[in-house]
Amino acid sequence: GAVVSQHPSRVICKSGTSVKIECRSLDFQATTMFWYRQFPKKSLMLMATSNEGSKATYEQGVEKDKFLINHASLTLSTLTVTSAHPEDSSFYICSASLGQGVYGYTFGSGTRLTVV
Amino acid sequence: RKEVEQDPGPFNVPEGATVAFNCTYSNSASQSFFWYRQDCRKEPKLLMSVYSSGNEDGRFTAQLNRASQYISLLIRDSKLSDSATYLCVALGNEKLTFGTGTRLTIIP
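Just so you know, the protein sequences line up as chains A and B, in that order.
Per the numbering used here, the first sequence starts with residue 1, numbered consecutively.
Per the numbering used here, the second sequence starts with residue 117, numbered consecutively.
Please keep in mind that the hints were generated in silico from the structure rather than gathered at the bench.
On a predicted model such as this, the values are computed, not experimentally measured, just so you know.
Cβ coordinates follow ideal geometry from the N, Cα and C atoms, glycine included.
Please note: incorrect hints may appear among the correct ones.
[As the list claims (entries may be wrong)] With a straight-line cut-off of 30 angstroms between C-alpha atoms, the simulated DSSO-like cross-links for lysine-lysine are: (1) B:Lys118 - A:Lys66; (2) A:Lys64 - B:Lys161; (3) A:Lys41 - B:Lys195.
[Unchecked claim] One side of the interface only, derived from the structure: several residues of chain B facing chain A at Cβ under 7 angstroms: (4) Glu159; (5) Ser184; (6) Gly215.
[Said to hold, decoys possible] Label pairs and their computed distance ranges (CB to CB): (7) A:Met45 - B:Thr134: 27 to 35 angstroms; (8) A:Lys41 - B:Pro130: 18 to 26 angstroms; (9) A:Ser109 - B:Ser168: 30 to 38 angstroms; (10) A:Met45 - B:Arg175: 29 to 37 angstroms; (11) B:Ser144 - A:Thr31: 23 to 31 angstroms; (12) A:Ser83 - B:Gly174: 45 to 53 angstroms; (13) B:Gly174 - A:Glu63: 40 to 48 angstroms; (14) B:Ser144 - A:Asn51: 21 to 29 angstroms; (15) A:Gln29 - B:Gly132: 39 to 47 angstroms; (16) A:Lys64 - B:Ser169: 41 to 49 angstroms; (17) B:Thr134 - A:Pro40: 26 to 34 angstroms.
Use the sequences and the hints to build the structure in full.
Next comes the structure, spelled out in structure tokens:
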């Protein structure tokens with residue numbers, strides 16, 4: 001089946017630094033990828049939808065300059081958390097769409113970001 | 117009001133018992149509905165789809181009532197391995213909207 005590889009799985013960084021999270025589709029081309037964040041005991045919240053070769057579409061309330069998304073190829077999308085602060089600490093998960101309804105949504109294994 | 121609402125639990129249920137989860141959604145334009153399972157610190161994984169006619173997969177039964185915008189999941193003969201968070205999910209405009217999840221713990 002379709003696999004999305006996400007890394008790093010865990011990262012600790014200092015306040016003010018930037019962190020890049022990568023998601024790669026291993027055996028298929030992902031035209032569309034989604035980025036979510038999840039706080040403890042909370043739901044996954046969609047942050048943005050990224051389409052290969054075009055600008056990402058951000059959900060209301062998500063700062064596009066804070067969370068930079070690049071989807072330069074059909075197999076790679078990246079999320080960069082810029083000038084990270086402790087409140088950015090969260091679980092970030094990517095998902096790729098195969099365009100087959102829900103059966104085409106495959107998730108990365110997630111990245112746990114801790115900003116100290 | 118949240119688009120997808122669930123009772124957060126936790127549900128602590130003895131092994132072998134039957135447990136039922138409920139979910140309501142507010143966007144009547146949502147096209148499809150699903151239950152996902154999420155283990156601690158892991159990504160969510162699709163458990164099953166939900167249809168108006170009902171959907172059964174082994175010990176799991178899911179049901180959708182579009183008129184009342186209500187979704188359910190029934191787990192029979194619960195196993196220790198069923199312990200997880202169960203997420204109710206709505207699909208609309210190619211976007212998945214997740215409920216907050218219901219935490220289930222099966223007690224030996």
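Enumerate the violated hints, using their earlier numbering and listing them in ascending order. Violated: hint 5 alone.
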